[in-house]
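Could you put together the complete structure from these sequences and hints?
In case you want the letters, here they are:
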Amino acid sequence: MSAAPTPAWLDALRRDARARADATGLPTRRDEAWKYTDFALSGAAAYPLAARWQDAVPASLATRPVAGGVPLVLVNGTVVGDWGAPDGVTIGRLDSPDARSLVEAHLGAVIPAARKSLAALNGGLFTDGLVLRITAGTRLERPIEVLSLGASDAASGPLSFHPRLLVVVEEGGFATLVESHRGTGAYFSNSVVEVALAEGAGLDHYKIQDESLEGVHVATLGVSVAARAVYRGALLQAGSRLARHEVHASLCGRDAVFELDGAYLGVENQHLDNTTFVTHAAPGGQSRQLFKGVLDNQAQGVFQGTVLVERAAQKTNAHQLSKALLLSAGAGMSGKPELEIYADDVKCGHGCTVGDIDETALFYLRSRGIAEADARQLLIEAFLADVLEHVSLDPVRETFTAVVSERLRRARLGKEDR
Amino acid sequence: MTTMSGPNEGTGSRDGAGAPLLAIRDLHATVAGREILKGIDIVVPAGEVHVVMGPNGAGKSTLSYVLAGRDGYEPTQGEVVYQGQDLLAMKTEERARAGIFLAFQSPVEIPGVTGVNFLKTAVNAQRRARGESELDAMQFLKLARRKAKELDVGEEMLRRSVNSGFSGGEKKRYEALQMTLLEPRLMILDETDSGLDFDALKTVAQAVNGMRSPDRSILMITHHQRLLDLIAPDCIHVLIDGRIVSTGDRSLAHELEKSGYAQFAGQAA
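First to last, the sequence lines map onto chains F and G. Residue numbers for the first sequence follow the working numbering, so the first one is 2 and each next one is one higher. Residue numbers for the second sequence follow the working numbering, so the first one is 34 and each next one is one higher.
Keep in mind that the hints were calculated from the coordinates and are not lab data. Any given hint could turn out to be false.
Unchecked claim - Okay, the calculated bits of chain F under chain G, using three or more residues with CB under 8 Å as the criterion: (1) 356–362; (2) 366–372.
Claimed, not checked - With the Cβ distance kept under 7 Å, some of the chain G side facing chain F (calculated, not the full set): (3) V146; (4) A155; (5) Q258; (6) R259.
Predicted, not measured: the structure shown is a model, and the values here were computed from it. Quick reminder that beta carbons are idealized off the backbone N, C-alpha and C, glycines included.
Right, here's the structure in full:
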């Protein structure tokens with residue numbers, strides 16, 4: 002596999018990552034963190050690396066931004082087109098000379114290297130990528146939107162690519178990032194996003210994973226949150242035949258805040274994995290995670306959440322909740338929440354539930370004349386309501402809701418076919 | 034004067050009072066494989082208020098659930114004819130759209146579904162089924178606010194999740210609100226008086242009385258006398274151990290209040 006020509010300083014970083022990836026190998030189910038998700042079985046590791054994309058954005062993939070933001074487009078991991086950066090923001094390719102100091106300071110540093118993940122593989126193989134820098138004190142009104150598009154067809158055969166994004170928000174800066182993943186055909190998207198928030202900085206980060214249902218999507222998100230910085234994330238996982246969203250968050254400064262709301266919707270034979278590692282390394286941090294999953298047909302869900310509170314992290318407030326709704330006997334859910342606490346003055350809570358539709362509520366709605374399918378839809382939307390309520394950007398919430406409705410319709414069709 | 038008679042005789046004699054809206058004949062039903070209803074006969078002519086009274090465990094709620102079509106409440110014998118249709122062959126939502134409304138003894142809390150969304154979806158589902166145009170958000174809100182005011186249902190209750198965190202009285206008023214919005218032909222009131230203070234009871238009774246009309250019937254399930262003082266019934270059925278053991282006029286309720294259900298114990302065996 003040959004990578005694109007890049008400057009020597011970037012090549013050095015890449016060689017390091019590649020060596021690490023080669024040394025650890027690809028994850029298997031024998032690895033604790035991959036116990037419930039069989040990446041090897043997906044066959045994605047064998048997909049050849051996509052060539053650097055030379056053309057315009059394929060017509061089959063509309064690139065309209067979700068929230069009217071500044072659009073940045075990647076096709077098969079290659080940055081396509083141009084952009085105008087708002088005041089106070091630098092947007093550049095990873096290999097541009099301007100990006101060098103940021104890249105050298107942060108790339109690969111946010112995600113712990115000791116853990117085996119596919120992030121190192123991305124580091125060794127990415128063909129292109131973007132760096133966003135919000136300068137100190139800049140409060141950005143308009144969202145920045147990153148659209149990662151995957152494209153393969155019968156002629157190309159399945160392809161793999163490794164989108165890479167680095168977001169640095171300097172002291173007191175604030176930005177909204179909307180990340181969308183879509184595509185057609187069979188492909189393996191192995192995305193890595195690193196977010197470094199300096200003191201008092203903030204990022205609202207929305208991610209819509211609506212990849213091709215033939216696709217495999219593995220994403221590693223690293224977030225480092227400095228003192229008084231605030232990260233708020235909202236995630237929708239609805240696409241891919243196999244998907245994993247793996248988060249490594251470190252609250253490394255005093256009074257840092259990390260929030261993540263996730264909704265996932267699996268139909269047919271989808272396998273959707275959400276794995277999070279949240280580390281409280283400094284006092285007064287607050288973390289909150291809420292994951293809600295709806296699984297129909299034969300879909301399988303995974304939630305693994307580890308919250309680590311280090312000895313120094315007194316007065317930590319950490320909460321984690323995972324709830325899954327199974328809509329058919331073939332659907333399943335596995336996983337485990339885990340708390341590791343080494344500080345003695347903390348408030349931590351976690352919960353993990355799996356249930357099915359409340360038959361009493363269903364009867365109540367139907368007894369008022371609401372058709373069973375519509376009543377189910379109401380109850381499913383109600384189940385997801387608290388996650389959706391945390392999506393404060395209206396167009397993003399509407400997109401979440403629209404994707405959910407479309408998937409549920411698909412799940413129903415899947416049942417009627419049988 | 035109490036008319037003591039067998040169930041078939043009693044209800045049979047009422048057939049002439051008007052076209053029956055609902056006719057239950059020899060209805061048997063099981064719950065979890067156990068027979069709870071063991072041959073029910075009740076005929077409710079249009080415009081009448083019928084009461085089913087009986088001790089705990091007699092099968093009163095089972096009867097209301099079987100009529101509304103709840104899963105797990107399985108009719109095994111007999112028939113229910115509603116407006117000339119085979120009610121038992123209809124789905125729950127079809128029964129509702131045909132005008133059957135069950136006011137629940139314990140209205141169900143549904144967190145995450147707002148009152149407005151729920152009520153509008155229900156009203157429009159029924160309007161659609163009747164071939165009427167759907168109400169848009171503004172039209173519906175106007176209607177809902179007006180009806181809510183009549184029932185002392187606060188506007189904030191429309192914005193909140195269905196029944197979530199409502200007091201007992203609020204829940205029953207909310208049921209009454211749904212009833213006035215949906216304008217059913219047959220109202221089944223399952224222990225509507227349970228857990229209500231007198232003021233709330235009066236509000237609900239007023240709503241029910243306000244809806245009485247020659248083509249609308251009420252089947253009231255209760256074991257208390259007090260609702261009958263507020264909603265005057267035409268006919269009382271005594272249900273014991275899954276059977277109607279006596280049918281009569283209003284005085285039967287007074288009789289029951291005086292002497293209890295023990296007098297019918299022999300007939301139930």
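Could you check if A155 of chain G really has its C-beta closer than 7 Å to a C-beta on chain F? holds, 4 Å
Does the CB of R259 of chain G sit less than 7 Å away from some CB of chain F? violated, 26 Å
Have a go at the Q258 of chain G hint: is there a Cβ in chain F nearer than 7 Å to its own Cβ? Given a least distance of 27 Å, the restraint on Q258 of chain G is violated.
How does the coverage statement for the segment 366–372 of chain F fare against chain G, requiring three or more residues with Cβ below 8 Å from a Cβ of that chain? Coverage by chain G holds here, the residue count being 7 at a Cβ distance below 8 Å.
Tell me if V146 of chain G is really an interface residue toward chain F, meaning its C-beta lies closer than 7 Å to one of theirs. holds, 4 Å
Quick check: do three or more residues in the segment 356–362 of chain F have a beta carbon closer than 8 Å to a beta carbon of chain G? Contact hint for the segment 356–362 of chain F vs chain G: holds, 4 residues under 8 Å.
Against the hints set out earlier in the document, violations occur for numbers 5 and 6.
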